[in-house]
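Asker: This is what each chain is made of:
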Amino acid sequence: MAKNLSLKKRIIYQELFYFFSVALALFIVLEIIWPNIILAYFNLNYLVVFWLLSALGQLFKK
Amino acid sequence: MLKLTKIRIIWLALLGLIIASFLFLKIVPFGQITYTRTWPSGLHSGKGFIYDFKPGERIDIADRQGLRILADPVYFSLFTPRRFSEATLTVKYSSQLSTSTPIIEAGVLQDKVSGHYQLKPLENRILDRLRFSWPRLVDENSFLVLQFDKFYQDQDEFFKDLRSGHLKNCPVDIINCIAVYNYPLDLPYRLPDYQSLKPLTITQPLRGAHEFYVYFPGGFWQLVFDFDDLNQDQGQDPLVIRVTSSGENIISQRREDNNPYPTNGKNESGQLKFGGDNLTAGVYKVEIKASDDIVIKKIQSSSNKLAFINKLWPVSGSGELNLFTDTPYIQVKTFNPASLGKVYFAGQPFNLTRTYELFDSQVLGAGGRKEIKLTQDDVILEGNGVFSLSADSLFNPGVRKIDRHFSPDNQVKYIIADYAFPLREEEVKQATAKFNLQEVHRENGKYTFLISVPGLKLIPGQDKSQVSDYLEIKEIKLKLRGTTLWQKIFR
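Taken in sequence, the protein lines are chains Y and G.
Just so you know, we're using my numbering here: the first sequence kicks off at 14 and counts up by one.
Just so you know, we're using my numbering here: the second sequence kicks off at 62 and counts up by one.
Here chain Y stands alone, though its shape is the one from the complex (with noise of 0.2 Å):
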């Protein structure tokens, strides 16, 4: 059971660091296409760290 739940919350850290991977990039790819496309209505600072603690999370799980 505690086995499961373990992988469960791996599985999680890592989508989530899946999903913020690529949406990191994708923003940076249409920032860089259309200059403040992204930044206008989004700082991505903020994306760059939920980005660094889902790697954390999967680190540590790991």
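It is possible that part of the hints are untrue.
Okay, derived cross-link-like pairs now, DSBU-like style, lysine-lysine, Cα gap no bigger than 35 Å in a straight line [claimed, not checked]: (1) G:LYS67 / Y:LYS21; (2) G:LYS334 / G:LYS115; (3) G:LYS495 / G:LYS221; (4) G:LYS259 / Y:LYS22; (5) G:LYS87 / G:LYS540; (6) G:LYS403 / G:LYS259; (7) G:LYS67 / Y:LYS22; (8) G:LYS64 / Y:LYS21; (9) G:LYS549 / G:LYS372; (10) G:LYS403 / G:LYS434; (11) G:LYS153 / G:LYS495; (12) G:LYS507 / G:LYS108.
Quick caveat, the hints were computed from the structure, so don't treat them as lab data.
Assemble the complex: chain Y is given as a structure, and chain G must be docked to it using the hints.
Answerer: Then chain G, alone, in the frame of chain Y:
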């Protein structure tokens, strides 16, 4: 495994939705969007669309309750993800302005080279006052016609008389008894019969953008401009000269700068010529659109009735200079320490003691021609009227414009304005101005706007918290309209 695929489909769909939302906001498919900036500003993550308020020394946001404008003008940028054709600017503000600064205007940068702004009124307390003290002939939407007394009962009769050039109680010339505000009024100008025209050569160099009126008697006409590109600044210095009549373009020429990154600092000379044999007699307006790196060395005109509008920047370094004007006041500024010193306006001296600062001189109640004596040129002269380099060149076919120094005298009998009064809700006022964005300057996705309170100045060295005259902005809202996606595709 199936669960993992499901999770991935969900977050990929979520990401697709987020990207689609950003693309929607980028394209603005329905052609309309509103951007707002408020003070005090709430929690916001992005950079926003209205930002970059400058120069910093003219603003104060110390108490965070509003953006305080302490000196004139203040500029800001509007980032838009695409081009729009019209902007409606709504400003909410509370005013702590004194009676010496009765006008608030907003503008958008029209032409970067000449620094020309399309200005629109936000508040004019002179008109707000006169609206209740003078009879109103027309007060519809934003169109206002005021008369000193009830000379006219019917607006059709007034406009018929205006077109024919004879208004009631204007015995001499209707130009002298009308004042306008934000309203283009072109009245036919007739040169008095006793005045003969001669060719004119202006050898006094003039720096940067200028506009002038010139009267041509009909038939042959000629204008020749000799200019220098000083190459003191890096970047393009194109020169555009446009001859217009009643706002219609007659002829224009553009000289491109083929040396945008000069390394040797040497002047480059050139010439632009205009002329013909079949011009209708009348007043023409000539616009010289140029950066401050361009000096017009010589102007040759087939007519000596030639007067510069609102601004003159003589520059030669050769010393004393006498000029003529009809403006009731002048504002003088210089960037050159060698040009500091005394300026005589209508015989009254005043001192130009600091560079980069605007100095005012007013001759109260003085109309007609006045002389300006400069002990050293390379100063920028500004006023609500015309300037000329010789007494017989001076003429003013333009109607008097209401500015901050305006006070209704015996001569002004009618006021025509395109001006909507600000709405008031307790201490906060709300004013709106519409701008045509079709031919305005847009660089890196940004339009440049300004808020101007003519005459609002900071005393050098004064602490910002001690300033008692200021305009406090609470909200700036810009509603933009443009072509829709469907119009773009199917046009």
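Asker: Is the Cα-Cα distance between LYS259 (chain G) and LYS22 (chain Y) 35 Å or less?
Answerer: violated (93 Å)
Asker: Given the hinted pair LYS495 (chain G) and LYS221 (chain G), is their Cα-Cα distance within 35 Å?
Answerer: holds (29 Å)
Asker: Is LYS153 (chain G) close enough to LYS495 (chain G), meaning Cα to Cα at most 35 Å?
Answerer: Answer holds: LYS153 (chain G) to LYS495 (chain G) is near 15 Å, not above 35 Å.
Asker: Does the alpha-carbon distance linking LYS403 (chain G) and LYS434 (chain G) stay inside the 35 Å limit?
Answerer: holds (9 Å)
Asker: Does the structure keep LYS549 (chain G) and LYS372 (chain G) at a Cα separation of 35 Å or less?
Answerer: violated (42 Å)
Asker: Between the alpha carbons of LYS403 (chain G) and LYS259 (chain G), is the straight-line distance 35 Å or under?
Answerer: holds (33 Å)
Asker: Holds or violated: are the alpha carbons of LYS67 (chain G) and LYS22 (chain Y) at most 35 Å from each other?
Answerer: holds (16 Å)
Asker: Do the alpha carbons of LYS334 (chain G) and LYS115 (chain G) lie within 35 Å of each other, as the hint requires?
Answerer: violated (39 Å)
Asker: Is the Cα-Cα distance between LYS507 (chain G) and LYS108 (chain G) 35 Å or less?
Answerer: holds (13 Å)
Asker: Regarding the pair LYS87 (chain G) and LYS540 (chain G), is the alpha-carbon distance no greater than 35 Å?
Answerer: holds (15 Å)
Asker: With the threshold set at 35 Å, check whether the alpha-carbon distance from LYS67 (chain G) to LYS21 (chain Y) stays at or below it.
Answerer: holds (14 Å)
Asker: Against the 35 Å threshold, does the CA-CA distance of LYS64 (chain G) and LYS21 (chain Y) hold or violate the hint?
Answerer: holds (11 Å)
The structure is inconsistent with the numbered hints 2, 4, 9, although it conforms to all the rest.
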